[in-house]
Amino acid sequence: MSQDDFAFEPIRGLPERPPEGEVILWQGQPNWLRLTVESLNVWWILGYFIFLFVWRFISVSDLMPLNQAVLVSLPFLALAMIVTLLLMLVGYIQAKATVYTITNKRVVMRIGAALTVTLNLPFTEIENAAIASSSKNFGSIAIDTKQDAKFSFLVLWPHARAWHFKKPQPSLRCIPNAAEVAEILSNAAKARLVDVKDSPKQKLQNIDAVVS
1011 MSQDDFAFEP
1021 IRGLPERPPE
1031 GEVILWQGQP
1041 NWLRLTVESL
1051 NVWWILGYFI
1061 FLFVWRFISV
1071 SDLMPLNQAV
1081 LVSLPFLALA
1091 MIVTLLLMLV
1101 GYIQAKATVY
1111 TITNKRVVMR
1121 IGAALTVTLN
1131 LPFTEIENAA
1141 IASSSKNFGS
1151 IAIDTKQDAK
1161 FSFLVLWPHA
1171 RAWHFKKPQP
1181 SLRCIPNAAE
1191 VAEILSNAAK
1201 ARLVDVKDSP
1211 KQKLQNIDAV
1221 VS
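Under the working numbering, the residues of the sequence shown are numbered 1011 to 1222, in order.
Please keep in mind that the hints were generated in silico from the structure rather than gathered at the bench. Hints may be right or wrong, so weigh each one.
As the list claims (entries may be wrong) - Simulated crosslink set (BS3-like; lysine-lysine; CA at most 25 angstroms straight-line): (1) Lys1156 <-> Lys1177; (2) Lys1177 <-> Lys1160; (3) Lys1146 <-> Lys1106; (4) Lys1156 <-> Lys1176; (5) Lys1200 <-> Lys1146; (6) Lys1146 <-> Lys1177; (7) Lys1106 <-> Lys1156; (8) Lys1146 <-> Lys1160.
What the hints assert, rightly or not - FRET-style restraints, in silico, Cβ to Cβ: (9) Ile1060 <-> Ile1103: 22 to 30 angstroms; (10) Glu1030 <-> Leu1056: 49 to 57 angstroms; (11) Leu1081 <-> Ala1142: 39 to 47 angstroms; (12) Leu1084 <-> Ala1189: 43 to 51 angstroms; (13) Phe1061 <-> Leu1081: 16 to 24 angstroms; (14) Tyr1102 <-> Pro1029: 27 to 35 angstroms; (15) Met1091 <-> Val1165: 46 to 54 angstroms; (16) Leu1089 <-> Ile1021: 22 to 30 angstroms; (17) Asn1187 <-> Val1165: 25 to 33 angstroms.
It should be emphasised that the depicted structure is a prediction, and the values quoted were computed from it without experimental measurement. A virtual CB, placed ideally from N, CA and C, is assigned to each residue, including glycine.
Let the hints inform the model, and build the full structure from the sequences given.
Okay, structure coming up:
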């Protein structure tokens, strides 16, 4: 398992050409709007500024005419619009800089906008995987790696399972057709682990939850 700075891609999303016998089964990116909503909590932040606008309006409405109270409160709505646009820009850049790849041997995650890194996750280093589906056929697939595989939550973010700080889990976030992608991952992992001579049955039991 490696974490290499992205320098040049002979194939989109991969730091080098796959070795002989390795085949790309699926590639995709997060949906930028859903990534913004789920990882940056844009609706909560927007709601906070709306609350400030309402609170300000109520607090001054007894002291001045209603039209002036609205004008005094408008800066909070302006801030809400500015912050929301900035968060949407961050989400868009993060999504467009990301490429998730599933091959018949591993999962590769090219992530990061300012600091781009590539995570190589061989199936033999994956303990488990879980899918969290959301509306409109989008979802995220969190990958639980073995104990000796350590990641920084800040390096992974927003491509990490939420609230798992002690042992961060790399995640394919906000991808379309998540159930189909999980099935591809499950089948590829099982086929790969069958070829592993060291206790293949025990390892297969751990990957069965990939589509749960």
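Consistency of the hints with the structure:
Our distance criterion of 25 angstroms between C-alpha atoms is met by Lys1156 and Lys1177, whose separation comes to about 10 angstroms. With a C-alpha separation of about 7 angstroms, the suggested pair Lys1177 and Lys1160 falls inside the 25 angstroms cut-off, and the hint holds. For the suggested pair Lys1146 and Lys1106, the alpha carbons sit about 20 angstroms apart, so the restraint of at most 25 angstroms is met. This hinted pair checks out: Lys1156 and Lys1176 have alpha carbons roughly 13 angstroms apart, not beyond 25 angstroms.
With a C-alpha separation of about 28 angstroms, the suggested pairing of Lys1200 with Lys1146 is violated against the 25 angstroms cut-off. Proposed proximity of Lys1146 and Lys1177 is contradicted: the alpha carbons are some 29 angstroms apart, above 25 angstroms. A distance of roughly 29 angstroms separates the Cα atoms of Lys1106 and Lys1156; the hinted pair therefore is violated under the 25 angstroms criterion. Between the alpha carbons of Lys1146 and Lys1160 the distance comes to roughly 33 angstroms, so the proposed pair goes past 25 angstroms and is violated.
Under the hint 22 to 30 angstroms, the C-beta atoms of Ile1060 and Ile1103, about 26 angstroms apart, fit the expected range. One distance hint, 49 to 57 angstroms for the beta-carbon pair Glu1030 and Leu1056, holds here, with the actual separation near 51 angstroms. The hint said 39 to 47 angstroms for the Cβ distance between Leu1081 and Ala1142, and at roughly 44 angstroms that hint holds. Evaluation of the 43 to 51 angstroms hint for Leu1084 and Ala1189 yields a pass: the beta carbon distance comes to about 44 angstroms.
Between Phe1061 and Leu1081 the C-beta distance comes to about 19 angstroms, which sits within the given range of 16 to 24 angstroms. Remark: the range hint 27 to 35 angstroms for Tyr1102 to Pro1029 is upheld by a beta-carbon distance near 34 angstroms. The hint said 46 to 54 angstroms for the Cβ distance between Met1091 and Val1165, and at roughly 31 angstroms that hint is violated. Distance hint check: the CB atoms of Leu1089 and Ile1021 are about 43 angstroms apart, inconsistent with the given range 22 to 30 angstroms.
The supplied range of 25 to 33 angstroms is met by Asn1187 and Val1165, whose beta-carbon atoms lie about 27 angstroms from each other.
Hint check: violations occur at hints 5, 6, 7, 8, 15, 16; the rest are consistent with the structure.
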